[in-house]
Structures are given as structure tokens and as C-alpha cells.
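Asks: All chains, please: the whole structure from these sequences, using the hints.
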Amino acid sequence: MDYFAQQLINGLVLGSIYGLIAIGYTMVYGIVGMINFAHGDIFMIGGFIALITFLILVSMGLSAVPLILLIVLLVSMAVTAVYGWVVERVAYRPLRHSFRLAPLLSAIGMSFVLSNFSQVTQGAQVKPIPPLITGGHTLHDSGNFAVQLSNIQIVVVVTTIVLLAIFSYMVSRTRFGRDMRACEQDQTMAALLGVDVDRTISMTFVIGAALAAVAGMMYLLYYGLVDFFMGFVAGIKAFTAAVLGGIGSLPGAMLGGLAIGLIETFWSAYFSVEYKDVAAFSILIVVLIFMPTGLLGRPEVEKV
Amino acid sequence: MAAPASTQHTVARDPAIVFILKKSVISAFVALILFSLMVGVRTFPGETGQLTYTTRFGELASIVAIVFGGSIVLELLRRWIGPVGGIELPATVRHVVSTLGRLLAPALLIFALLVPVIFYNQRYLLDLSILVLTYVMLGWGLNIVVGLAGLLDLGYVAFYAVGAYSYALLAQSGLPLPYFISTYPFVAVDFLQLGAWAFWVLLPISGLLAACWGVMLGFPVLRLRGDYLAIVTLAFGEIIRLVIINWQDLTGGPNGISGIPRPTFFGIPLTPGENGFAALIGVPFSPTHRLVFLFYLILALALLTNWVTIRLRRLPIGRAWEAMREDEVACRALGINITTTKLSAFAIGAMFGGFAGAFFATRQGFISPESFTFQESALVLAIVVLGGMGSQLGVALAAIAMIGGFELFRGLDQFRMLVFGGVMVLLMIWRPRGLIGHRSPTVFLEHNRAISSDVVKEGQG
Amino acid sequence: MNGGDDILAVEHLSMRFGGIVAVNDLSFAARRNRITALIGPNGAGKTTVFNCITGFYKPSSGSIRLMPAGGGMMRLERLNDFRISKVAKVARTFQNIRLFPGMTALENLMVAQHNMLMRASGFTLLGLLGLPSWRMAERDAIERARSWLGRIGLLARADDAAGNLPYGDQRRLEIARAMCTEPVLLCLDEPAAGLNARESAALNELLLAIRADYGTSILMIEHDMSVVMEISDHIVVLDYGVKIADGSPRAIRDDPKVIAAYLGTDEDTATAVIEGDA
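Protein chains in written order, with our numbering: chain H, 22 to 325; chain W, 88 to 548; chain B, 213 to 490.
Derived by calculation from the structure, the hints in this document are not laboratory data.
Just so you know, not all the hints are guaranteed correct.
Unchecked claim - Covered stretches of chain W (in silico footprint by chain H; criterion: 3 or more residues with CB under 8 Å from a CB of chain H, positions within the stretch not fixed): (1) 110 to 121; (2) 137 to 143; (3) 243 to 253; (4) 444 to 450; (5) 466 to 476.
Virtual Cβ for every residue (Gly too), placed ideally from N, Cα, C.
Replies: Right under this line is the structure:
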């Protein structure tokens with residue numbers, strides 16, 4: 022039971038990270054109807070930016086952990102957001118009304134560019150950092166097994182919740198949120214009613230990238246490392262999460278992220294670590310086949 | 088606007104220059120933000136193993152300068168040439184191009200046949216041609232699924248892997264032959280050692296096994312469309328690779344399988360020994376013989392793929408594939424069984440992938456999961472899309488351009504994939520419908536007129 | 213209802229989407245070798261009925277029976293989509309034309325003969341080898357397609373992409389394509405929509421000729437009253453998923469319930485419009 026509780030905690034933390042990435046997929050899919058294949062790599066870039074910022078801050082002699090965290094968070098969000106903006110501008114906007122396959126391939130190309138860019142600039146090795154946030158709480162100790170809730174886990178979950186709150190506010194209450202939802206429904210009509218569609222789509226990518234950057238930073242803090250290839254697998258899993266939750270649905274993305282995090286953690290804990298990715302991918306396949314609209318998605322009626 | 092200096096334009100030119108400069112400054116500023124940390128700072132493990140960093144402000148400055156200069160040049164070019172892609176060739180030019188196009192395929196074929204003669208002494212070029220032909224074959228195989236049937240497959244490499252591993256494993260263990268033994272219902276298995284004929288027996292078997300996997304993948308994804316189909320096939324390809332990595336007892340895991348039997352000239356080994364091919368025909372042995380043989384082998388396999396595809400397009404099954412790509416609902420209304428039509432496309436595409444895989448295994452003599460990554464799938468898909476969906480010639484040209492281009496950048500080493508990704512993005516923006524942007528009809532009454540890709544659909548599945 | 217000369221009998225058909233009842237307990241019959249029109253205001257559930265008959269929807273309840281000339285009976289609600297065309301020989305066209313736009317007119321008609329050609333090609337194997345029996349079957353198929361193209365006046369454009377044909381030609385090509393499956397019942401979803409007067413006169417002629425020459429029964433949804441009144445033998449009127457009238461064109465024209473449903477409650481205007489139209 023204790024072991025189970027521990028896995029539950031671990032799974033929820035991992036799921037928060039996936040959920041943050043999944044929101045980017047779901048937003049972009051909702052508004053331009055394409056899989057932003059490079060989004061996983063945006064997450065990876067976010068992790069790298071966080072790593073580099075962290076190293077610089079430490080070498081400058083800064084030692085107040087909350088301050089470091091805040092600066093790292095803001096810098097990685099800001100810089101990664103620019104990456105998101107540029108990717109949309111360069112690789113997707115020229116193809117927005119093009120044939121279906123072209124944007125997909127362009128996105129795959131962009132994904133190669135980003136991952137190999139960081140390989141070229143930062144090297145292929147795994148980049149470890151010493152743990153920044155240490156310590157934790159023992160929730161329950163049965164003698165042979167102690168359920169731990171580490172401080173870093175608390176930070177990940179709390180950051181996720183705060184960001185989601187801000188983000189939900191943006192989508193439901195602000196002008197941008199309204200524009201975004203309008204563009205999802207009908208871009209032409211939105212444009213006729215004075216919505217700047219280009220700008221709204223750009224903003225969608227920017228926000229998605231910023232959230233992915235947070236996920237990248239959390240990943241760095243939680244696992245203590247980043248590498249140039251981590252975007253691919255994390256990206257597919259986060260996409261799985263988005264689909265599981267119902268693509269286009271923002272709460273669904275978070276829910277799906279948590280579900281994938283839990284499944285992966287439990288699979289590793291009870292079955293085999295080697296096959297955890299196989300499990301995640303299999304779930305993607307099973308979900309798409311039996312529940313293509315996901316948990317919270319709108320059903321699609323075939324028009325004849 | 089920004090035409091070469093002429094006094095009348097001075098007034099009009101100034102705002103243009105300001106505009107261009109403004110744009111370039113913005114680009115440079117964005118580049119500065121993008122690259123300040125990723126390029127300006129290099130992280131590396133320090134002496135104690137702790138991560139540390141150095142700065143590379145020189146590189147950063149030059150990149151930002153390049154972006155600044157580059158965007159000025161780009162903007163000027165745009166003003167002179169007009170928007171990229173807006174270039175319409177005049178009718179006469181197009182006519183000449185299309186005539187040349189008709190001659191291109193036979194010319195390419197003749198050239199391909201002569202490659203080993205021309206480049207007999209250049210092992211590197213022969214090797215490269217074999218590689219190119221392998222991708223031509225993979226492209227033609229995937230073209231059946233993506234180009235004709237309109238089913239987006241991002242996991243094609245799975246079938247390549249299945250073919251390669253089927254061949255490698257069966258060639259090493261022998262062909263299992265089950266037979267009934269006296270204590271029925273038990274079945275015993277004997278392993279038939281294939282020896283010199285291994286490749287020739289196992290080639291079709293590998294293809295058939297890959298086809299079975301094609302059907303197995305096809306069944307669950309029958310109802311999926313577009314991007315969903317793409318992502319599921321991608322996941323399927325990754326699953327196959329992960330299973331190969333982790334199922335060490337069978338596949339050797341990440342270490343792969345080595346000592347895979349080389350192909351024989353229909354039973355005669357291409358080795359220096361007494362029974363070798365060279366000794367039998369009475370010429371001194373040369374390792375190039377095998378290379379030449381492999382070249383013709385893959386050429387034959389690729390041409391087989393091409394021939395079958397061309398034949399199938401004119402048969403009801405091929406027309407049903409294309410019709411399905413155009414409109415699945417209409418197909419159903421015409422009594423076409425979408426299930427079998429889709430599965431047959433998956434199976435036949437996978438079969439050729441399997442053939443190519445078996446060839447790959449016998450050529451290399453060694454296979455490992457590293458050869459079957461997502462990048463391969465993306466590369467083959469890029470070849471098909473760049474070729475112009477459904478066009479056999481286009482796919483061949485795209486394979487030559489992509490693999491050849493990829494080799495050109497071999498010297499760039501780790502920059503290679505970076506460049507490749509960038510080129511992919513640019514090519515898609517330049518020609519979203521690929522090099523050959525039209526479809527040729529499968530049957531005609533009077534005129535065999537090419538159909539512009541504007542009306543040809545890409546498929547929903 | 214059980215008249216021996218019905219080709220299609222729809223009984224107590226209902227179709228619900230979630231809470232919405234698109235078709236409610238609908239019963240009607242289509243006569244053999246006759247043209248039956250299904251009319252009604254927008255949203256009356258006509259296309260839903262079509263989709264049930266041609267297998268794109270599974271009806272929530274009710275039965276759809278097809279009685280081909282050779283005897284026997286098929287329950288269409290139990291067949292899934294492609295079998296309705298393949299086995300039951302019911303063909304259809306679509307409200308928004310669904311040709312294969314990137315294929316030529318000829319190819320479109322060849323695709324329609326898929327099942328026959330599939331058998332002739334030995335399920336691809338014999339065709340791959342190019343056996344003479346396959347070649348003959350293919351030649352016959354091309355001939356059939358050619359004769360249909362001639363019939364709809366598109367012989368000169370046989371080798372043009374269907375997507376590049378003018379709208380009216382596309383409508384006729386879609387009908388020819390459906391006919392190439394050699395159906396016993398042809399279901400047309402608004403065949404005259406978007407046609408000008410001359411084109412819709414040509415359409416009338418085509419449909420009458422199909423009925424006369426091939427003995428194909430026709431069931432059509434149509435808004436164009438000039439087409440409906442002129443060529444249909446029998447009219448079924450739907451409103452809000454319920455049948456409100458059923459009879460000969462003359463009887464329907466004078467039915468006040470129909471007029472009320474169709475054109476609102478203002479019956480004077482309604483009558484005037486209908487008489488002016490017909």
C-alpha cells in the first residue's frame with residue numbers, strides 16, 4: 022500500500038510535466054489543426070535554457086534558491102517562447118493553407134533542426150546538475166518502506182497548479198482567450214469580425230512554448246539532467262496525453278498528462294522499466310482506436 | 088523598388104531601405120535572443136565532473152551578423168524576384184520540360200544499368216548508389232501507402248526492420264519446419280539450414296512476414312484519419328524498435344546481429360575460395376564483384392517494386408486505392424470494401440519495405456536497432472512527399488537528391504541532421520506538392536493528359 | 213405497404229442522434245421501375261433517411277427491405293455500407309457532389325465497376341500477370357464507361373479530371389458513376405441542385421431514360437419542384453422526421469398539409485407559388 026502511494030505521488034509529478042507539454046499540443050491542434058511535431062523539442066530547448074541560466078546564476082554567486090528558481094523560470098519561459106514564435110513564423114505560417122502533408126513534414130524537419138541544434142551547440146552528452154531543491158517529508162513510515170514527498174515534487178506540482186490557474190484565466194477571461202477560441206471555431210469568420218488571426222496563432226505558439234519551457238525546467242530540477250534527445254520521446258508521450266484527454270480540450274490535456282504519468286510510473290514499478298515507453302505508446306494506440314475523441318473531447322460526427 | 092541606383096527613385100527608395108533595415112534589425116534581435124544562451128554559452132563537464140561553462144560571444148556575434156546580413160539579402164531578393172513560388176513557367180517552357188521529363192525516366196534507367204560499368208573502380212560511389220537505390224525502393228514502397236492510398240504512415244521503418252530481422256534471424260537459425268510426430272497432437276520443429284540459398288529463400292519470406300505485420304498494423308488503424316494515423320504508425324514503429332532493443336535473447340538487443348549470411352549469385356558464393364564465383368568464371372577475385380552484384384540486386388528489386396506499382400495502378404485494386412485517397416465515402420457508396428482496400432495497401436507497401444530490409448541485412452552483414460529509428464521513416468516519407476505524391480519518377484529523383492545531398496554533407500558530421508531538417512522545412516515551403524506536381528491517369532480514351540495536383544486529393548487517412 | 217410491386221419498403225424507421233430525433237417512425241415504399249421523390253423542407257430528415265437506406269447510418273429502429281426483381285428480399289439495415297452497393301445493388305449520389313476529383317471522368321466510371329473488375333482480375337493476381345480474360349473484362353468496362361459518357365454528353369471530356377468539370381457535368385457524371393455499379397435502386401440526393409433550367413431539363417430526360425432503358429427504380433430527394441412534379445410517379449413528403457403525405461404528384465400538390473409545411477402557414481401564397489412553378 023505504501024509502495025502504491027509512493028508511486029502515485031511519483032506518477033502525479035511526472036504527469037504534471039507531461040500535462041504542461043500536452044497543453045501546447047492541444048492548443049496548437051485546436052487552432053491550426055496540425056500536430057506541432059517540434060513541440061517536444063521546444064520542451065527540450067526549455068530544459069537547456071533553464072540549465073544554462075542556472076549555471077550562469079550559480080557562477081555569479083547567487084545562492085538564494087527561490088530567487089534562482091524565479092529567474093530561471095522567467096528566463097526560460099521568455100526565451101523558449103521566442104523559439105515557439107520563430108518556429109511558427111518560419112516553418113508553419115507559410116504552409117498554413119497548404120496541403121496537409123507539407124506542414125507535417127515541415128514540423129518534422131523543424132524537430133530535427135531543434136534537436137540537432139542543441140546537439141551541435143551544447144554537445145551530445147547528458148547534462149547533469151546537482152540537486153537544487155533537497156529534502157522532503159516522510160508522509161508515512163511502515164518500518165520497511167517510507168512514503169516520501171520531496172520538496173522538489175511539491176515545487177513541481179505547485180508550479181504546475183499556479184501556472185494552470187493563470188493560463189485558464191487567460192483562456193477564459195482575456196481578450197486573447199476569446200480570440201483564440203474564436204479562431205478555433207472558424208478562422209475566416211474570426212478574421213471578418215476583427216480578430217487578428219496571425220497574431221492569435223502566434224500567441225498560441227508562444228504560450229504553448231512558455232508552458233513547455235516550464236515543463237523543461239521542472240524536468241531538469243526533478244531528474245537533474247537534460248539531453249538533446251529528450252524531446253522526442255517526451256513529445257510523443259505528451260501528445261498521447263493530449264489525445265487521451267481529448268485533443269483540443271485544455272483540461273483534458275492536463276488530465277491526460279496525469280494519466281500517462283501514472284500509467285508510466287505504475288508500469289515501471291510493477292512490470293518492467295524497459296518496456297515503459299512501449300506501454301505508453303501502446304496506450305496511445307489503444308486510446309486512438311477505441312476512444313478517438315479521448316476523455317473530454319467532442320465527438321466527431323461523420324458528414325456524408 | 089530597390090532597383091539599382093537611379094536618381095528618380097531616390098525618394099521612393101529611402102523608405103524601402105528603412106523598412107529593410109528595420110526588418111533586419113528585428114531579425115537580428117530575435118536571433119540574439121534565440122542564440123544568446125544556446126550559442127553564446129557552452130556547457131561541458133568540468134574537471135570534477137560538475138557541469139561548467141565557457142562563453143562563445145564571438146560565435147554568437149557572427150551568427151547574429153549573419154542573420155542580419157542574410158535578412159537584408161533575402162528582403163532585397165524578394166523585392167527583385169517577387170514572392171517565392173509565384174514563378175509561373177510559360178507554356179512553351181513547360182512543354183519542353185514535360186518532354187524532357189518523359190525522356191528522363193528511360194535515361195535514368197539506362198544510366199542506372201551502366202553505373203557499375205562506369206564506376207567499377209570507385210567503391211565509394213558504388214556503395215552510395217546502392218544506398219540511393221535502397222531508398223528509391225523504400226520510397227516506391229511507401230508511395231503505395233502514402234501516395235496512392237493516401238494513408239499517412241510515419242512508421243514505415245518498422246517493416247524495414249521486420250524484413251531485416253526476419254532475414255537475419257531465419258538465416259542464422261534456419262527455416263523452422265514443423266512436422267507431426269507420432270505422439271500427435273504434438274508438433275516438432277526442425278530447422279532447415281539454407282546454406283548458400285539462404286538469401287533467395289528468405290527474401291520472399293521476409294517480405295511476406297513484413298506484409299503480415301502490415302496487416303496487423305492496418306487492422307487497428309482502419310478508422311483513423313490524418314494526423315492520428317500518422318502518430319499511431321509512428322508509435323508502432325517505435326514499439327517495434329523498443330522491442331528489438333529490449334528483447335535481447337532473440338535480437339541481441341542494442342548490440343544487434345552480426346555474421347548475417349551474404350547473398351550468393353544464385354547459390355554460388357561471391358568469395359575468393361575455390362567454389363567462389365570468380366574462380367568458376369575464371370577471373371581473379373575482387374571484392375568489387377559482390378558490390379556490383381549487390382547493385383544489380385537492389386536495382387532489380389527496386390524495378391520490381393516499380394513494375395508492380397505501375398501494374399497495380401491499372402488494376403481495380405490500384406484504382407480503388409487512389410479513389411480511396413480522393414474520397415472514402417464515395418468509395419463505400421460504390422461498393423468498395425474500404426477494409427480490404429486499406430489493408431492491401433498496407434500489406435503491399437510493407438512487403439516491399441520487408442524486401443528492402445532483407446536486402447539491407449544481407450548487404451551490411453550486421454544489423455542493429457540504430458538503423459531503424461524514426462529518422463529513417465521521416466527520411467523515406469520526405470522522399471515520397473518531395474517526389475510529388477504518387478509519382479514514381481518524382482520519388483526516384485527525390486531519393487537521389489535527398490540521399491545524394493545527405494552524402495554531400497557527410498563532412499559536416501553533426502551538422503548533417505541540422506542541415507537536413509532545415510532543408511526539409513525549406514523544400515516543403517518551396518514545393519508543398521513535391522517535385523512532380525501532377526498525376527498521370529491510369530486509363531484514357533483519347534488523350535493521356537496529366538492531371539494538375541490542384542485537384543488531386545491527399546487522402547484523409 | 214406490402215404491394216408485390218415495391219422495390220423498397222421502409223417500415224417504422226427511426227433515427228436518433230443523441231436526444232435529437234431526425235426520423236420518427238417513418239414508413240413508405242418505393243415502387244419498382246418508378247421514380248419516387250422524397251420531399252420536405254430543409255432539416256426534415258430526408259438525407260438521414262437516405263443515409264439509413266444506403267448504410268451510412270445504422271437506423272435506431274425499423275426495417276428497410278429491398279425486393280429485387282428476381283425475387284428474394286434483403287434487409288438493408290443489416291448490411292453494412294459497402295455491401296449495400298455490392299450485394300444489394302443500391303447506388304447513391306450525394307448532395308455535395310462526391311466524385312474523385314483528381315481522377316479523370318473515365319477513371320471515375322472505372323472505379324464504379326470495381327467489384328466486377330476485381331473478380332475479372334482474379335483479385336489482382338491474374339490481372340498482374342495480364343491474362344487475356346482480364347484484358348477482355350477491362351475492355352468491356354471501358355466500353356461501358358464510354359457508352360455512359362456518351363449518354364451524359366461528356367465523351368469529349370473523358371480524359372479530364374472530374375474536379376475540373378463544370379458543376380452540371382459533375383452532377384451528371386456522378387449519376388453515370390452510380391449507374392455503372394448496375395444498381396436495381398438508384399438513390400439521388402438533390403440531383404438538380406444548382407442546375408440551370410436547361411441542365412435540369414436534360415437531367416429529367418436522363419432520369420426518364422434510365423428508368424426506361426435499364427428498368428432501374430429511382431428514389432430521389434429533390435427541392436426543385438419542376439423536376440419533382442414532372443418526372444416522379446410518386447411523392448413522399450417529410451416534415452420534422454415524420455411523413456405528412458404520400459401520393460401522386462397531383463394529390464401532393466393539392467394537399468393543404470404539404471403546402472402548409474412546405475411554405476409556412478400562408479396557404480394562399482403557397483398555392484400560388486406551387487401552381488406558378490408547375
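Asks: Next, verify each hint and record whether it holds.
Replies: Results of checking the hints against the structure:
1. Using a Cβ-Cβ cut-off of 8 Å, 3 residues of the segment 110 to 121 of chain W lie near chain H, which meets the minimum of three, so the contact claim holds.
2. A stretch counts as covered by a chain when three or more of its residues have a beta carbon under 8 Å from one of that chain; for the segment 137 to 143 of chain W and chain H the count is 4, and the coverage holds.
3. With 0 residues bearing a CB less than 8 Å from a CB of chain H, the segment 243 to 253 of chain W misses the requirement of three and the coverage assertion fails.
4. With 0 residues having a beta carbon nearer than 8 Å to a beta carbon of chain H, the segment 444 to 450 of chain W misses the requirement of three or more and the stated coverage is violated.
5. For the segment 466 to 476 of chain W, the assignment as covered by chain H holds, since 4 residues bring a beta-carbon within under 8 Å of that chain's beta-carbons and 3 suffice.
In this structure, the earlier hints numbered 3 and 4 are contradicted, and the remaining ones agree with it.
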